[in-house]
Structure formats: C-alpha cells, structure tokens
Amino acid sequence: MTSTVDRGTSGAERDVRHGVERLGSLVVRFAGDSGDGMQVTGDQFTAESALFGNDLATLPSFPAEIRAPAGTLAGVSAFQVQIADHEISTPGDAPSVLVAMNPAALRANVGDLATGATVIVNSDAFDERSLVKAGYQADPRADGSLAAYRVYEVPMTSLTVEACKPTGAKPRDAERSKNFFALGLVSWLYHRRLESTVEFVATRYASRPAVVEANTLALRAGWNFGETAELFESSYEVPATRLAPGTYTNVTGNTALAWGLVAGAHQAGLKLFLGSYPITPASDILHELAKQKHFGITTFQAEDEIAGVGAALGAAFGGALGVTTTSGPGIDLKAETIGLAVSLELPLVVVDVQRGGPSTGLPTKTEQADLLAAMYGRHGEAPVPIVAARTPSHCFAAALEAVRIAVTYRTPVYLLSDGYLANGSEPWRLPEPGTLPLLDPAFAPAPGAGADEGTGPRSFHPYARDPETLARPWALPGTPGLEHRIGGIEKADVTGDISYDPANHSTMVHLRAAKVSGIARSLPELEVDDPGADAGGPAPLLVLGWGSSYGAITAAVRRVRARGLSVAQVHLVHLNPFASNLGEVLARYPRVLVPETNLGQLVRLVRAEFLVDAVGLAKIEGTPFRVSEIESEIVRLLGPMASAAAGAAAGEEVKP
Amino acid sequence: MTAEASVKLTTRKDWASDQEVRWCPGCGDYSILAAVQLLLPELGVAREDTVFVSGIGCAARFPYYMSTYGMHSIHGRAPAIATGLALSRPELDVWVVTGDGDALSIGGNHLIHALRRNVNLTILMFNNQIYGLTKGQFSPTSEQGKVTKSTPFGSLDTPFNPISVALGAEASFVARTHDLDRKHMTATIRRAHDHRGAAFVEIYQNCNVFNDGAFEGVTGKEHRDDMLVPLVHGEPIRFGPDGRRGVVLGSDARLSVVDVADVGEGALLVHDEAREDPSLAFMLSRLARGPFEPTPIGVFRAVERPDYSTLVTAQIDAVRERRGPGDVDALLRSGTTWTVGES
Ligand code: SF4
Chain Z
1 MTSTVDRGTS GAERDVRHGV ERLGSLVVRF AGDSGDGMQV TGDQFTAESA LFGNDLATLP
61 SFPAEIRAPA GTLAGVSAFQ VQIADHEIST PGDAPSVLVA MNPAALRANV GDLATGATVI
121 VNSDAFDERS LVKAGYQADP RADGSLAAYR VYEVPMTSLT VEACKPTGAK PRDAERSKNF
181 FALGLVSWLY HRRLESTVEF VATRYASRPA VVEANTLALR AGWNFGETAE LFESSYEVPA
241 TRLAPGTYTN VTGNTALAWG LVAGAHQAGL KLFLGSYPIT PASDILHELA KQKHFGITTF
301 QAEDEIAGVG AALGAAFGGA LGVTTTSGPG IDLKAETIGL AVSLELPLVV VDVQRGGPST
361 GLPTKTEQAD LLAAMYGRHG EAPVPIVAAR TPSHCFAAAL EAVRIAVTYR TPVYLLSDGY
421 LANGSEPWRL PEPGTLPLLD PAFAPAPGAG ADEGTGPRSF HPYARDPETL ARPWALPGTP
481 GLEHRIGGIE KADVTGDISY DPANHSTMVH LRAAKVSGIA RSLPELEVDD PGADAGGPAP
541 LLVLGWGSSY GAITAAVRRV RARGLSVAQV HLVHLNPFAS NLGEVLARYP RVLVPETNLG
601 QLVRLVRAEF LVDAVGLAKI EGTPFRVSEI ESEIVRLLGP MASAAAGAAA GEEVKP
Chain L
1 MTAEASVKLT TRKDWASDQE VRWCPGCGDY SILAAVQLLL PELGVAREDT VFVSGIGCAA
61 RFPYYMSTYG MHSIHGRAPA IATGLALSRP ELDVWVVTGD GDALSIGGNH LIHALRRNVN
121 LTILMFNNQI YGLTKGQFSP TSEQGKVTKS TPFGSLDTPF NPISVALGAE ASFVARTHDL
181 DRKHMTATIR RAHDHRGAAF VEIYQNCNVF NDGAFEGVTG KEHRDDMLVP LVHGEPIRFG
241 PDGRRGVVLG SDARLSVVDV ADVGEGALLV HDEAREDPSL AFMLSRLARG PFEPTPIGVF
301 RAVERPDYST LVTAQIDAVR ERRGPGDVDA LLRSGTTWTV GES
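Taken in order, these protein sequences are the chains called Z and L.
Numbering of the first sequence is given in my numbering, commencing with residue 1 and proceeding in unit increments.
Numbering of the second sequence is given in my numbering, commencing with residue 1 and proceeding in unit increments.
Hints were generated in silico from the structure; no laboratory data involved.
Hints may contain errors.
[To be verified] Short derived list, chain Z residues pointing at chain L, Cβ under 7 Å:
(1) THR247
(2) ALA312
(3) GLU483
[Stated by the list, open to error] Sample of chain L residues lacking proximity to chain Z, with all beta carbon distances greater than 12 Å (derived):
(4) PRO236
(5) GLY240
(6) ASP259
(7) ALA261
Heads up, the beta-carbon is just placed ideally off N, CA and C, and yes, glycines get one too.
Given the sequences, and given the hints that come with them, work out the whole structure.
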C-alpha cells in the first residue's frame, strides 16, 4: 500500500466540544496479557502514525514464556512507541500514556511512567481475583497510589462485547477484540486515522470474516467512545515531522537486516544460502528470508546451530553467499566453524542478534554483550571483522557492508544487531531504485584454453593473495584446472598444502591478521559530530558508542547541547578493524565516555588499543539506555570540565 | 553408469593428488583409497565436479589424497558442511569420508539428519571400532568391555550398530563392505555413488595399530566364506561353503541362521533391498551382534526417494514461477510506504 502524507488534515471530523492540544512528542505504551494482542495494537498505532507523517521509534517487550499464566506479571506483554513532530532517535524514556488492559499490566508498567502521565485502564479487568493475581493488596485505583497520574477508567471489555452484539458472537469471543477498542480510543485521543487499521484488519483476518467484523466494530466503538463519553478534557495532536523528501517505509531491524542480505547477495550476483536454527530474537530473519525464495534464496533450517553455520560454509565453498543467523548461545556453538572459516578464508556472514546472557540469560531482552565474544571468542589467533548496526533501519546498510567485507576479503564477518534493534522499528527513507552498489565476487577463472594439461593441481595456488586486499582466490568446484583441497590444518603460504613448519605458521598468522586489519583502508574516516569544534576547538568530552545505544546517545547529546554545554559524539559501525582515524579522534578529546549495555567491552578495546583514559557507562538490565541516564552521566563528567572550560569558551557555546 | 562421451577418460593416476599418503603402513585406509581411485575413472564423472568433504580422524585425511576439490573440515561436521555444498551446487558429486567416531559420536546428529533429508551425498564411513588419530580410545562402535587407554577396566558403553542407526534415520541407501575385498568394495561404492540421495556405506576397516584384527573373525580370508552373509537383491539369503547356510524369518518374527538342508531352499528369506518398509533390513542389520557372528554385507536398503537438493530447487523454481524473479527495489517497497515531498 502506498499513500502520500496529507499534511492538511489531522484526521477525521471532530466534535468541537473537546479542546485540542498540540504536542511535540508523545510516548505511548500499550500493556496487557500476552494473549491480549498488545503487539498488534502497538504495531497499528505505529502504522497509523507513520502514515500520518510522524517520525517514530518503537520498543516491543515480550514475556520470555510463550504462555505465562494469564493475569500475572510474568505474562505481561507491552509495546512502546514514541511519535514526534521532529526527528527522534529513541522510543522515549518514560511513557506519557499507558494503556493497561488488566491490573498486572498496570503494576508492571506504572513505575516507568512520567509524572502526570495519562493512564487508561480497562476497568472491567479490575476484579478481586485479577488484583490478587497481579499482587495488589488493595485496588490501586482507590488507594491513592496513582495520584501522580491522570487515570481514566474505561470498561473496555463490556463496551467491546456490546459493540460486537450485531455479529452474534458469544461474549467470550467478542471480548477478544478489546485491543482494537483500545486502539480506536487512543487513535481518537491522538488524532490518528483508522483507515489503515481497517484495511489491515480486513487483510490479516481475511479468512475469518466474523473476526474482521468484530475487530472493526470494536475499533470504531473505541473511537466513538472517546468522541462521545466526555471523559477526556481534550484530545491531542502531534503534527507531522519534517522528514527529508523521499519514499518511506516502517521497518524493524530484523526485516531490514534480512533485506540487506537479500540486496547484498543480489548486488554481488550470488545465491544467498542461509543456514540457521530457530532462536529468539533472530528467528524473524529466517522467517523473512524463507518468504523470499524467488530471489533464488535457500533457507536451510538445520538440525542445530553448528549445522546451520556449517552448511553456510559449505555453500560458500560452492560459491554461494553463506549466511548464518543466531542469538545468545548460538554464537558459542558456531565458534569452531567460524574459526574454520578464518582458516579456509571463505566469505561467510554470521549474524548475531545479541540478547541478555550468559547461558539462556534473557532471551527476549536486549544487551550489547557479545562484542568481545565476536572479537575474541575463538581459540588461536582467529581475527574476524565486526560490523554493528545502530538503528533498526541501519541494519540494512550494515548487512550490505558485512557482505562487502566478506566477499571482498574472503573472510567470515560478524554482523551484530540486538534484541532492541531486531524488534524495534522506525521510518526508513528507502534508497532510490537502482542506486545500490554492485559487488564483484571475482571468482577465480579457469586456466585459459591451451594451458598445460599436465600441470593439473600444481598450476593453481589457492593461497596466493591479492596484493591489495590479501584475499585469496575464491575457486569454485566445477571449474576445471582449479581443483584444490582446503582444510583446518595450517596451510603453507601460497600453495595451501598442509604445513607444520614453524616459520610458515608465523607467516600465515600474520597474513590473516594483516588481511583483517587492512580492511581499514577501505573504510571511510569517522566523522565526529562536534558542532563547536570549528569555533571553540574540540568539546571537552567525546561520547563514543557502537550499536543500538546510538539512539539514546544521540538524544542525550542533543539535550546536553540544549543546556548550553559542549559535547562531541562519534559512533562506530566497524568494531574490527576500527576506522583508521579512530586513534586520532580519541586523542583530540580530553575525556571519552563509552556508554554500552554491557560491563564495558568497547571501552576495554579502545583503552587497550589507543591507551586513552576512556570511561564506560554500563547498564545491564535487559533494556536499552534511557536518554536521561546518558545525559546525566555526560553532565556529571562535564561538571568540573564545563566550568574549567567556561573561561576559554565564554559565550561561545554553540546552541543546537 | 557408463562414461559419458563428454567426460575425459581418466586413470587412477588422474585422481591421485601429489600429496604423500601418511596413514600407518598396513592401515586398511590404503585399500579403500585405492578402491575409490580405481573406481572413479569408471564412473563417468569429471574431476572438477567431484568434491570430497571430511571431518577429523584418520579417515578424514582422505580428501588430501584426491586430486579433486576437497575440504578437510571439523570433527563430526562434514555431513552438515557437505549438505550446504550439495544444496547450493546440486550438480556436483559430493562425497563424505568419515570414521566411526567422527560420524557416530561427535557428528551423530549431522549424520542422521543428512540421511533423513536424503541429501545427495555418498557417505563412506570407515569403521575401525577405535579412535586412531588420538591414539587408541574406545569408539561408539567398540564392543562393550573393550580395554583401551581411556577404559583400562573395560568400556561400559553399549555400541552403536551403524547400519541400524542409518536405517533408523530414514536412510534411502544403506550398505556394508570391508577393506579386504576390493571387488566387493568397488561394487558397493559404485552402487552408493549411483544412488540419487544420501547413500551410507559402512566399511569395516582394519586399524592395525590400535585395534588390529577387529574384523578378522569375519573378513579374514579363511573366515569370510563362513562368516560373511552376502545380501543380493532378489536372491535367497545364503552363505557358507556351497551356500550351505541361510537366513529364515521365523513365525516368531525373528531372523535366524539355519542349515539350508534342514529347512529347504524355499524357506529362505529372499532379500529385497527396495522394500519400502525398513523393518526387514533392520532385522538383518541385527543378525550379528558384532563381527564374531555371521555378518551380512552388501546393500541392505536402496529405495527411491526425492533427494533434498531436488526438492529445494523445485520449491525455489515454483515460487519464482509464481512471483517472478526477485526485485530488490520492489522488496523494499513491499510493506506500507509513504512519500514525503519537497516542502
Ligand atoms: S591409527 Fe589406525 S586407522 Fe589411523 S592411520 Fe594408523 S592404522 Fe590407520
């Protein structure tokens, strides 16, 4: 479906009795039981907002158990979205609106709310039993514990059942549409249009007309309730964002990553072979690629993680773009095969959608704690390039880059995403058709006609190297004259024969290391965001980040600058090797702060590599950084420095 | 299969690499290598279209000695790696060379799944009932009670019967041969190679250093006639000098070895390798509890079943037929899109 954003109207016709307030941004969280359909509700509110023209960012949160007992805290599923009239980079720190479908959803989420937040509860669900299940001693609606919020009680279940009467559905069935009632109500409150959701319902449940009817009725009933109930003093508008011109779509990180792999293989003229084993939260990449078979993609759901990467490597030997996707413990299982790929020097893309660890850890929660595993998690000297995506839509570009490095340098590449990027979404300005770069896999050609037949295997040297990239030839089975054997035993330089020679081993270890570090020559220089640098010299503090903390860091840096303070930001996409000017950039700043959702992994790498006194900011809660957490750390670090620098930079602070 | 006109005629020399073969002198692996190198020129296949993939172990050195494409990979993982290769390049002739530890211990999972998927692979499993490369520990096919370096008081493990494992894993081709009979080896491997789908061949192989004579009781020249039970499709199962002994299926649903004179030839079980139901093949695989009782050799099972790469390719073609070839720009626009104009 394509539509053009209509900036002229803000939605349907409205009753003038209600006041309308304008908001610059809004953070809504929908929360309910895992069976309540909160993800669909959130997705649709997001889609309505995207079509309306807002910039946005989402944060779904799932329970780890598929069916935790209904009504309990463990079973709460939530979806948070921030929409704004300006560009934003995070789903927001503290929701200003919470829709709670039952007491457990309220209890699990109320602590995160902004003061004065709007809380809309499904009052039908607040019976004695449900309160007890949620662990409430007393009804929170009556005991004053919600005094800091504006609480609206809406009997959503009974109103939904009432609205669905014309369908003749039994109440038990009808009440399942209550999430659409909630969506209709919130859509009214924030001037979203319902058309896209009506269309979505018709398509999604096409095989069940009764469900289409019930959901549509509930959706409209929710809207009408807002319109007529006079419960809300006013409704709110979040005007459209001035986004750069272009065609947009809303993507999750997993989808963008899958599309990046498709595009990467396509642009290189390679068949994409995915070897994968289902694991949360990476499985959606497998699901997405399995749908795209018409690109000539093979998706092989293997017997285990090891077979997934093994098959991908076997396919790479045959000339396909071998890819494996995993999360958490999956990378431990794949480590040995990645080491083999280092030794074989074949292209391979290993996607790690990081989640909380160790062991099973927090399967549905996010963490950036696999950087050192990607960097060092293999026996022996086994360097692997690492590329990390920083936003959901950036997963596309990061995947293309991982493919470029793998194919050009004949090496396994780690592509790091995480649970936050995987399930989060944002509007993405699509590349113009036909503008993606081409990539030449440069397969080794068969020896020319007339070549000496008798030389056979000796005439080809599988470990001769390209002088610029140090990449070895990618010689495909089926090519006469290039027959060769490769394996995990150390190989002699150039010939690739088995070799236990000490000097040769040293040569090969150094060659593999030099090949990977030489990738830096193909990388663009880092550009530091330091608006005051030209006028007043470098800021007193550089915030260095990687991966999904990009959004929170960017927003924090903006806020700090809005206070009149000066701070610089640089964000890494390449973690191994680093961009060649990173050392020089770090040396320019008196202090360096590295926020990561781990105990300090990048900070360790840069301290070791560049001998800089960088400090970390760690968070390990299974959730992304809040903007305020990074903001206050920047301000704290700037404190003494800001006043020290104040004399020199008096009046010269650059406002955003 | 006869040599096709397009394939250059070759000799054993063309299939041997220039690498020095480094198995222990007297190892059974030599005769298997010779059998394969002698067989390949007869198969009508090209060197460049042939790939040997192996894991780790003595047997796994095999690819280095072939002048084809080859990969010496990771312990146990050869079937998985070969699966990826066979799926991405269905036209190639992909062989897996493995051992009892590689295939049935560390790689057991990959072996059974390659077999059930019917990946187009010719899998040669050299069974010597010992770990050779690590210098003599018991293997998953070693007999219970075996005294080795890691089991000084005897192994407590119940061994796997490789043929039973393969049959239980839905293998479409299952055979056994041994390293002392080149003719039988060549014929069996040829059958395996000609089979489209996963073909599993157990080869009794003597490790003269760590488990010498493990199969001597059945494969030794002077025992063979009495102890090996050749399975021939469509023929009554009989063995021994002048075919004096045979196998019958009793009314108690058990197989037993009998004197043909006692039961009459008509009572013998007729071998049917193409039987859909693998139960009889499975019973045959259990006829001997180990290489000290009359042991069937030859093809236990050979049934037609679409191979995995054919299915995978057909599915891709069908989707392509329906949706047309992939278009990246269209893919990126396959969700809801909206346009922001110049303002
Ligand atoms: S250890 Fe045994 S199996 Fe290995 S090469 Fe020596 S004799 Fe052969």
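These are the hints, each one checked on the structure:
1. THR247: holds (5 Å)
2. ALA312: holds (6 Å)
3. GLU483: holds (5 Å)
4. PRO236: Correct as stated: the minimum Cβ-Cβ distance to chain Z is 39 Å, above 12 Å.
5. GLY240: holds (42 Å)
6. ASP259: holds (46 Å)
7. ALA261: holds (49 Å)
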